[in-house]
Amino acid sequence: MNKQKIPVIITAAITTIIIIIGFVLLMPVIGPRFLHPIMMGSEPLPANLDASSSRLSDDGLFQVSWSSDPTKVPLNQIHTWTLHVETPDGQPVENASVLVEGGMPQHGHGLPTNPQVTEYLGNGDYLVEGMRFQMTGFWEVKFVINSGEQSDSITFNVDIK
Amino acid sequence: MKLKSILLLGIVLLAVVVSLWMILQQPRWTEEEIITLRNLWIGSLPALPPDPSNVFADDPQSALLGQKLFFDTRFSSSNQVSCATCHKPELMFTDGLPLSIGVGTTDRKSMTIIGTAYSPWQFWDGRKDSQWAQALAPLESVVEHGGTRMQYAHLIANHYQEEYEAIFGPLPDFSDPVRFPAIAGPVDDPDAQAAWEGMTSTDRDLVTQVFVNMGKAIAAYERLILPAPSRFDRYVEALLKNDEQTMKSAMTSDEVAGLKLFIGRADCIQCHNGPLLTNNDFHNTGVPTRAGLPLDNGRAMGVMKVLNDEFNCLSQWSDAEEMDCSELRFVVSEGEQLEAAFKPSTLRNIAETAPYMHAGQFATLEEVLRHYNHPPLSPAGHNELEPLGLTNREMAQIIAFLNTLSGGVDAPPELLKAPLNN
Ligand SMILES: [Cu+2]
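If you're matching them up, the sequences are chains V and P in order.
Numbering-wise (this note's numbering), the first sequence opens with residue 9 and increments by one.
Numbering-wise (this note's numbering), the second sequence opens with residue 1306 and increments by one.
Next up, chain V with everything else stripped away, as it sits in the complex:
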């Protein structure tokens, strides 16, 4: 064996060991979160997800937007939303019937309450009562809108902090 190569090999070996030991020692500090997404605890909003509060419904029949009262969607507090429904060319959709569904896809559960549209406020606005979110994280809120012959649905993505 070439005598000059021995220190090189030893250096390489020791460096490898140092890196491994260093990594193991660092684990408690950085946490295992970079290794496996499941171990991250509460997951953030999935990447490139549309979290906007105004969107075109699935089949393009309605332009739908929501706002919450209070403006920042609260945690653990029952509150109301206003849903605005209009046609893509901006005409308010009057007296539609609207169903509310939702849940946390990452946790596999639905909404903790049974929210309902209780009033048509005029000008394409609908009062949604009984909204409540009891966990932080990524929620889906789906509205099924029926107006005369037309039926379409829209799912909003909401990040509760």
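Each hint should be verified, as a subset may be incorrect.
DSS-like cross-link-like pairs, simulated, lysine-lysine; straight-line CA separation at most 30 angstroms [said to hold, decoys possible]:
(1) K1309/P with K13/V
(2) K1307/P with K13/V
(3) K1553/P with K169/V
(4) K1393/P with K80/V
(5) K1722/P with K1393/P
(6) K1546/P with K169/V
(7) K1373/P with K1722/P
(8) K13/V with K80/V
Keep in mind that the hints were calculated from the coordinates and are not lab data.
What you are looking at is a predicted structure, and each value in this text was computed from that prediction instead of being measured.
Position chain P with the ligand relative to chain V; hints supplied.
Same frame as chain V, now just chain P with the ligand:
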């Protein structure tokens, strides 16, 4: 060659020192985590929400009467049981028992009163939707106070007439023993039940009104019993001010590590979130049935009870308008997720309120953590928990963190004992 080994040794040393330094460092918090911590901080507790179903909720006189009733053992069939029998101020308003003992033995563990004014649902199964409606349940339970509303109305007339009338107006005259027997009420005792059914419905309403007002006075007292800041709150406050010195003195590195697990990998904040560390919802966590007790299906039954409750928010005894009763109107009343689901307790003062869970199934926090680490199949429905894979050290760290949540009660000392002039 020599130079090389010195260099090598240097690198090894440097690596070791850097690793050690990073381990001994308090973990840094990300922006995201700081938002979470701020949410758990007692400083985020909003002002006490109004109780529209109880117009006497914020009346100081009403609270004073409520305090007296809370500690008065005459309001029981044995003359020995008051609310404070099972909600002792010195035990954070719990009783330290797996099942409570009043006139008989309950089939659930006592819960703390502290901060319950923030909860839309009362009891482990949320079968009451206000504090005043809740207070009426133990009074008529055969295993708790064991009395009847007629008996209580007489007691109010005999001992509290003046105070009662100052708050609620004239007390009806209950002195006619034919119209108003000594004992009568819609309770599990056949004689009392028969006596109650023998009364006219107008007379029954007169009695029930007094009973309801007792509940409203007790609720006014309970609203004043709030949690005080703990070491954890000092830590978060210091963190928000970037005051590392106070952070270090508020919590040890093990406690901080436990906190990090609590909001991170162990994901306790799914259910124990907000400044009271409860989301006040209902969850199935697969807690085993207590030996000797029947299966408890929790919220599934609780929701039916509250919807049919004589004293709920929409009832004639409530002062609320229909629009104030959102929790009840939009409640989820069916579905598998209600099976064996219970309300997550507040974790404030949790180290002081052993044993744990709805029937005191676990004696220590160690047992609680072992349960969460390896969640069993639920006795009914589906257990929402996932195995956590925590090491013993990590479980100990979470327990260390739970110990930093003990801050006691935030209320004037005179509210924490029986008032003198009973
Ligand atoms: Cu969830």
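Verification of the supplied hints:
no. : hint                 : in the structure
1   : K1309/P with K13/V   : holds (13 angstroms)
2   : K1307/P with K13/V   : holds (15 angstroms)
3   : K1553/P with K169/V  : holds (27 angstroms)
4   : K1393/P with K80/V   : violated (39 angstroms)
5   : K1722/P with K1393/P : holds (9 angstroms)
6   : K1546/P with K169/V  : holds (21 angstroms)
7   : K1373/P with K1722/P : holds (10 angstroms)
8   : K13/V with K80/V     : violated (66 angstroms)
Hints 4, 8, counting from the list given before, are not met by this structure.
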